[in-house]
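Novice: When you get a sec, could you build the whole thing from the sequences and use the hints?
Now for the letters of each chain:
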Amino acid sequence: MINALLWAPLAFGIVGLFLPKRATGWWAVLGTLVTLGIAISMVTGFDSGSSGLQDTVDISWISGLGVDYSLGIDGLNLFLIVLTSLLWLGGTAFAAFRPQEKPQLFFFLMLVAETATLGSFLAQDLLLFVLFFDFMLVPFYFLFGAWGSDRVGGPTAAAATMKMIVYTLIGSLLMLVGAIATAIISADGGHLTFSIAAIQQQGLGVDSQRWIFWFFAAAFLVKMPAFLLHGWMPDAYRAAPLPVLVVFSGVLAKVGAYGFLRIVLPLFPAATVEFQTVILVIALASILYGSVMAFTQTNVRLIAGYSSVAQLGFITAGIFALRADGSDGAILQMVNHGLVVAPIFIIVAILYERTGTEDIREMGGMALRAPVLAALFLIVSLATLAMPGSANFIGEFYILNGLFESKIVFAFVAISGVAMSAYYALRMYQRTMHNRKPDGIASREIGLRDGLVLAPLVLCILGLALYPQLILHRTAPTVQQTIAKVTGGQAPEAQLAQK
Amino acid sequence: MNFHEPHIEYAGISPIIALTVGFVVVLLTAVFKPVRRTAPALTFLTLATTAGLLIWQWGESKELITGALQLDDLAISISLIAILTAAACVLLSVRETASEEAGSGEYHALLIGSVLGMVLLTQASNLVTFFVALETLSIPLYILCATDLRREGSLESGLKYLIVGSLGSATLLYGMAFLYGGTGSTDFAGIATGIAHNGMLGDPLILVGIAMCAVGLAFKTSIAPFHQWTPDVYQGAPTPITSFMAVATKAAAFAVFLRFFDVALGPQVDQWAPALAVLAALSIVVGNVGALGQDSLKRMLGYSGVAQAGYMMGGVVVATEKGTSSLIFYLAAYAFMNLAAFAVIIARERETPYGDSYRAIQGLGAEKPWLAWPLTISMLALAGLPATAGFIGKLYLIEALVEGDYTWLAVFIAVGTMISLAYYLRVVAAMWMRPAGETAAGATPAIAGASSEADPIDTEAGGRIYLLAPAVLAAAATVFFGIIPQPLVDFAAHAGASLF
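Residue numbers (the working numbering), protein chains in the order written: chain A, 386 to 884; chain B, 581 to 1080.
There could be a bad hint or two in this list.
To be verified - Counterexamples of contact, computed for chain B against chain A with all Cβ distances above 10 angstroms:
| hint | residue |
| --- | --- |
| 1 | Glu681 |
| 2 | Ser765 |
| 3 | Met792 |
| 4 | Pro847 |
| 5 | Asp1038 |
| 6 | Leu1048 |
As the list claims (entries may be wrong) - Think about it this way: if two alpha-carbon atoms lie no more than 25 angstroms apart in a straight line, the pair counts; the simulated PhoX-like pairs of lysine-lysine are:
| hint | chain 1 | residue 1 | chain 2 | residue 2 |
| --- | --- | --- | --- | --- |
| 7 | A | Lys487 | A | Lys406 |
| 8 | A | Lys406 | B | Lys948 |
| 9 | B | Lys948 | A | Lys487 |
It should be emphasised that the hints constitute simulated quantities derived from the structure, not laboratory data. Using N, Cα and C, we set each Cβ at its ideal position, and we do this for glycine too.
Specialist: The structure is reproduced here in structure tokens:
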């Protein structure tokens, strides 16, 4: 089952290469739909009471080097997998509705990217994780570079992509060294293995943890991106084709946050506690910087991009509260953020088709003739600003609660981020949908097909708002176990009163 | 006085005999006009026979000719890599102006001669055979580099290689004399006993000798700072020869590195390894930075070869079985990656008037995907991205380095790889992310390294089987061993185990 989930996109992608141009888009949509079906069936088959791995596969892959092909799901990755397959369906379908250049290659790369992303969520072998993590970049490199748009007066798509690759691989390659060092040091001359569970059992000296921690943290913080490591983001976001950006922004940033939960916390507990404050400072800086940038930018892509920086800062802060509720909230928030940022980019694409610009100063009045589009966008915007009643509110509440209990000063700063998110989300909504409509812009209702892409995503936002326990209930046992290992097994204080 | 006939193990030297016979036969075809066209086929046959004989000897470990040569799995594996590259070179040389002008018989005979030197070198366990083998390898290459007679660059390349190569050889020979003086033996084993007796640092004679030998070998493997010849020679030589030199010479020279340093000087590893590690790190930096600004693909690959040699040096530095195995794995992977790249470059050299400049591959993705894919895979693999043999090779090397307490060198490899992305991905970007180069009349012809005036343009060259097959097969192997590396890992582990 788990194998089918991982390889289905790739299999569909390879077949799609040999299909006629017109069919290949629909074939890819079918592929992502099948993947989503498998992912959902895994949720239904998931034993929510267990904290351990389920549905595992463990085969020796390169025995001489101690690398195993080892996959599994638990509370940490279950819903990230669903999110991945859902957003990929959305992004692929949105792309399939539009003519693409070289469609076979485009959809092939999209599906390769899905397999790579799913692989990094599913991998339970440290090296396999690194492999998928690095490999994710390859399809996105081509998708951004070859289908992206050159910016007038700015870098070409190829140059912007190059910058992204160099930035992200700086972290990833150091992570490769870190991963190998982790396995070798923890094996201590014994049987070499990269299995995360085995390394966790063997443990790692505090001195080694200190430097290896930063090798991993660098990779994850660049991917998010966190403040000071975000230099690649503005150019890459402006160059990227929008359907690709839907999945890239919606899912890939989460791989970094997920990496902290899956690898850094369990394998380097001592270093995590030691550097908790440093990471929290970076996280808060990301929240503040991202928010401030988001309400000064005029390009809608960048507003969404910088708001992601802020949101990922929130998620990181939640994880590094080192309390169960903080991490519960972080996982919920990862799903939430994916669910809001993907529709935003789809709406950006729809707006661009109607206005020919991505600058909010040149937009406005779109709601006039497009009430449905406006309504959908309003729901997404309200979710982005974590309106009480939305799942984002619950996610941020959990995160802040965790932060309050562990580092109260940081919590106060983080709260300002919540306030600022209201400003940039509403600003973006108002400037595009309300105000006076400039001349030469057609206010046109969202098409049926785009509606079919957007509506399910918005429905998911609404569904989660009504029933966030769907996620929290299943993540709690694993999160509790993960956090307990870092904090030395102290029982976390009474869980939040369930909403 | 009794003369004892030395014991000769004929089965063991059969590959060498096969190559020698092949060398003579192929050379003779040049004399007899009716059979002139058979030279490539005969070369192929020779190489195949030799490979067969080597595989037959797989698993053996024995001294040949009273300790002059040592046949083991290390020698066999590296010889096989060299032969594979030579076979590819024969294919890539079909219709190459160089082989036609220099005479097909001579060209191919020299190629076999060089392979013979390499096979000898991988087995050398004595200073004299070591030197003779190295010269047998080098002298044909000096000539081969200059076979593109009408191109000034080719002649310059041959001459440069000759001068620098001779300098390297002279240094090596001088060092050998010191070593002999210090230890009283030409045998690696005898040298080891002599050094164990006196200590390596105690005797300046020995120390200077070892240092000079290392320098001589560093010339051949293009380790910085002894790499200066590499980009010039790579660029000027006929491209099939470049592809052969880039991989096979390096492989054979690394075999001696392993035998001389890891085995004979194994006990003194703490004394020489830091020095070689510094050379490795220097190569990684110099190679990667040097490759950044290049406009000729061959030059870029030359510098990249310097950096890659730095990575591989890590396998020597740690002086462990895993280090050796990782080096063999990397060499095999490197052979595939480089062959795919060079095959495409040759195809484009013949198809376009732009020689080996980046311009020649612009827009290749849309125009000729069958050529673009192998080059793409090769570049991604050289950059060490996952799902290619390059990634597994780096993983293997880094694992060996961290286990051998050389984590800082592993970090150098990671940093070097980061820099290398800038120039490897530039190639990929040129192919896929730019419109096809304007081939309008009056376009700038002949960028360095190629001459459009002389070489006829064959617009269908990329579709010809003798170019397409090596490109596609090498790329396929690169991906295959990236996904299912176990067979190659086993092969490398075997070879590594035979040394210790």
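Novice: Hint by hint, note whether the structure agrees.
Specialist: Now the hints, each set against the structure:
The non-interface label for glutamate 681 of chain B is consistent with chain A: the shortest C-beta to C-beta separation is roughly 39 angstroms, beyond 10 angstroms. The Cβ of serine 765 of chain B sits about 36 angstroms from the closest Cβ of chain A, beyond the 10 angstroms cut-off, so the non-interface label holds. The beta carbon of methionine 792 of chain B sits about 34 angstroms from the closest Cβ of chain A, which is more than 10 angstroms, so the claim that it is off the interface holds. The Cβ of proline 847 of chain B lies farther than 10 angstroms from every Cβ of chain A, with a closest approach of about 21 angstroms, so its non-interface assignment holds.
Remark: the non-interface label on aspartate 1038 of chain B is consistent with the geometry, its nearest Cβ contact in chain A lying 27 angstroms away (cut-off 10 angstroms). At roughly 19 angstroms from the closest C-beta of chain A, the C-beta of leucine 1048 of chain B stays outside 10 angstroms, upholding its exclusion from the interface. Distance check on the hinted pair: lysine 487 of chain A and lysine 406 of chain A sit about 8 angstroms apart at the alpha-carbon level, within 25 angstroms; holds. At most 25 angstroms may separate the alpha-carbon atoms for a hinted pair to count; lysine 406 of chain A and lysine 948 of chain B meet this at roughly 18 angstroms.
Pair hint lysine 948 of chain B plus lysine 487 of chain A holds up; C-alpha atoms about 14 angstroms apart against a cutoff of 25 angstroms.
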